[in-house]
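Whenever a hint applies, use it, and build me the whole structure from the sequences.
If you read the sequences in order, they're chains F and C.
Note that the UniProt record's numbering has the first sequence beginning at 1, numbered continuously upward.
Note that the UniProt record's numbering has the second sequence beginning at 1, numbered continuously upward.
Please keep in mind that the hints were generated in silico from the structure rather than gathered at the bench.
Fair warning: there could be bad hints in the mix.
Said to hold, decoys possible - For each label pair, taking beta carbons as the anchor points, the in silico distance ranges come out as:
id	chain 1	residue 1	chain 2	residue 2	range
1	C	R52	F	L243	37 to 43 Å
2	F	A339	C	A62	33 to 39 Å
3	C	A62	F	V296	34 to 40 Å
To be verified - No farther apart than 25 Å at their CA atoms in a straight line, the calculated lysine to any residue pairs in the SDA-like style are these:
id	chain 1	residue 1	chain 2	residue 2
4	C	K93	C	V74
5	F	K285	F	E343
6	C	K57	F	P205
7	F	K225	C	A107
8	C	K97	F	Y99
9	F	K321	C	W60
10	C	K88	F	K321
11	C	K88	F	V342
12	F	K321	F	Y99
13	C	K93	F	P345
14	C	K95	F	S251
15	C	K95	F	Y344
Quick caveat: nothing in here was measured; it's all calculated off a predicted structure.
The beta carbon of each residue, even a glycine, is placed where N, CA and C say it ideally should be.
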Amino acid sequence: IYFFNRNLPLLSLLDLGTPVNISYFWNFGSLLGLFCGVQIFSGVLLSMHYQNSIEMAFFSVNLSIQNEVFLGWFFHNVHSSGASFFFVFLYCHLFRGLYYGGFNQINIWMSGVTILLFSMALAFLGYVLPWGQMSFWGATVITNLFSAIPYVGEDVVHVLWGGYGVAGPTLNRFFSLHFLVPFLMVMVAFFHVFIFLHVKGSSNPLGGPINQFLKIEFFPYFVVKDFFGIYLIFFVFFYFCLLNPRLLLDSENFIEANSLVTPVHIQPEWYFLSSYAILRSIPNKFGGVVALAFSVLFFYFFPFFFQNLYNNSFFNNNNVKFYFWFWLSSAIVLCYVGASPVEYPWVSIGIVFTFFYFSGFFFLLF
Amino acid sequence: TRSRCIGSQSRAVRFLRKTKQTMVHKGLGQGMAYVRGIIYYSVSPNELHPFRGLLTKAPWNALRRVSEEFFRVVPPFAGAYLIITWGKEANEKTKRKDPAFFEQEAAQNGEL
Numbered sequence: 001i002y003f004f005n006r007n008l009p010l011l012s013l014l015d016l017g018t019p020v021n022i023s024y025f026w027n028f029g030s031l032l033g034l035f036c037g038v039q040i041f042s043g044v045l046l047s048m049h050y051q052n053s054i055e056m057a058f059f060s061v062n063l064s065i066q067n068e069v070f071l072g073w074f075f076h077n078v079h080s081s082g083a084s085f086f087f088v089f090l091y092c093h094l095f096r097g098l099y100y101g102g103f104n105q106i107n108i109w110m111s112g113v114t115i116l117l118f119s120m121a122l123a124f125l126g127y128v129l130p131w132g133q134m135s136f137w138g139a140t141v142i143t144n145l146f147s148a149i150p151y152v153g154e155d156v157v158h159v160l161w162g163g164y165g166v167a168g169p170t171l172n173r174f175f176s177l178h179f180l181v182p183f184l185m186v187m188v189a190f191f192h193v194f195i196f197l198h199v200k201g202s203s204n205p206l207g208g209p210i211n212q213f214l215k216i217e218f219f220p221y222f223v224v225k226d227f228f229g230i231y232l233i234f235f236v237f238f239y240f241c242l243l244n245p246r247l248l249l250d251s252e253n254f255i256e257a258n259s260l261v262t263p264v265h266i267q268p269e270w271y272f273l274s275s276y277a278i279l280r281s282i283p284n285k286f287g288g289v290v291a292l293a294f295s296v297l298f299f300y301f302f303p304f305f306f307q308n309l310y311n312n313s314f315f316n317n318n319n320v321k322f323y324f325w326f327w328l329s330s331a332i333v334l335c336y337v338g339a340s341p342v343e344y345p346w347v348s349i350g351i352v353f354t355f356f357y358f359s360g361f362f363f364l365l366f
Numbered sequence: 001t002r003s004r005c006i007g008s009q010s011r012a013v014r015f016l017r018k019t020k021q022t023m024v025h026k027g028l029g030q031g032m033a034y035v036r037g038i039i040y041y042s043v044s045p046n047e048l049h050p051f052r053g054l055l056t057k058a059p060w061n062a063l064r065r066v067s068e069e070f071f072r073v074v075p076p077f078a079g080a081y082l083i084i085t086w087g088k089e090a091n092e093k094t095k096r097k098d099p100a101f102f103e104q105e106a107a108q109n110g111e112l
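Structure (structure tokens):
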């Protein structure tokens, strides 16, 4: 009883010892939790009006929800912009963990990378639902990647599709999975925060033994700081929701899906562009798929290979700092390459920067 | 009423007292053994000076912190910007005719 009384989520948010010196980079966790709730709430509201048949999906989103449902336009904008904001916070949270050696806490890191994978799957499934051109062709490209699996690839793809191509059954099962996966993700997030993180508490920018001594209660200091961060972010978020909702969207997705017309530039949303560039940079199909998977899965290996880099040597480890920024700038260049057509010089730049993207990992490894 | 010395109480009574204290849950941080060796810091609201040194010390401190990290952070992003800019120009050039190819023709036509 004592254990549960002290560790109920609300109580742990009141008196959890939190390092005094954590910066605003530690706000992204609470922002992620908030936006997860925002996405689930807006998503449930949208699902009440969305129709997941290929005849009605496009019109239910772009005609019914946008024009006829009360505040449908608002919740649609919240959901689509919220996904982009969720990924902004996800990447900032991840990069904060990379820079400050957060992967030393293995349970937290592994559950966090799992949440990242769930989020990426969720975003892909959700992007198919409006059934626009980019939805259909993006689903076609990405599901076809599974055919690169030796021996069973084709069968796996047919199971994913529910047929012999992206069609009605595919949309149906993607909608079901898009509804289910957030709740699985919330379960993992619960473990990430309330089971794993609240054992030792947050890390801090200085790292190491200071973490164990200079702590203050979470309430009211960091509750206020989190609310302040939310307040600031909402200015930017409502700019996207209310004034410029199409900024991050692809105009191709406002055309209904047509399996006979291939868009000129098939590209995913911005948060997948770097992985997409890595996929396209490898000439071999199976190699591209492996590189794509490894570009995200290699985060799982960080706690096992890089623990010695951060233990009490953060200030002296200039190599680590430089390669972090080098790796980050490579990822940004790859984002631009992913959005560009497969022409000179983007092909060569993509190959070179794919090498740079992975080289930091292997350099620090050896 | 004063309780008997703890050593004279039965094991069952001692267990019940301890459990009862836990289950009553007197409040946050209450009902548990006093832990020694922890230092509690607190700051009075009258001691908070959030903007002290904002104009006299903060700019120099910011300059110091930026200068320490400048050559680790800026070169990769500067390189990325230059490569993207060059890539855009090179890609545009592939979509345009090269004037050098047509210099002779233009000279023959009297355009030069």
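Against the structure, the hints:
1. R52/C - L243/F: 37 to 43 Å: The hint (37 to 43 Å, Cβ to Cβ) holds, given that R52/C and L243/F are roughly 38 Å apart.
2. A339/F - A62/C: 33 to 39 Å: holds, 34 Å
3. A62/C - V296/F: 34 to 40 Å: holds, 35 Å
4. K93/C - V74/C: violated, 29 Å
5. K285/F - E343/F: holds, 18 Å
6. K57/C - P205/F: Holds - the C-alpha atoms of P205/F and K57/C are around 21 Å apart, at most 25 Å.
7. K225/F - A107/C: Violated: K225/F and A107/C sit about 71 Å apart, past 25 Å.
8. K97/C - Y99/F: Violated, at roughly 47 Å.
9. K321/F - W60/C: Cα-Cα ~23 Å, so holds.
10. K88/C - K321/F: Since the Cα atoms of K88/C and K321/F sit roughly 29 Å apart, the hinted pair is violated (cutoff 25 Å).
11. K88/C - V342/F: OK: K88/C and V342/F at ~13 Å, within 25 Å.
12. K321/F - Y99/F: holds, 7 Å
13. K93/C - P345/F: Holds: K93/C and P345/F sit about 11 Å apart, inside 25 Å.
14. K95/C - S251/F: holds, 23 Å
15. K95/C - Y344/F: Answer holds: K95/C to Y344/F is near 10 Å, not above 25 Å.
The structure is inconsistent with the numbered hints 4, 7, 8 and 10, although it conforms to all the rest.
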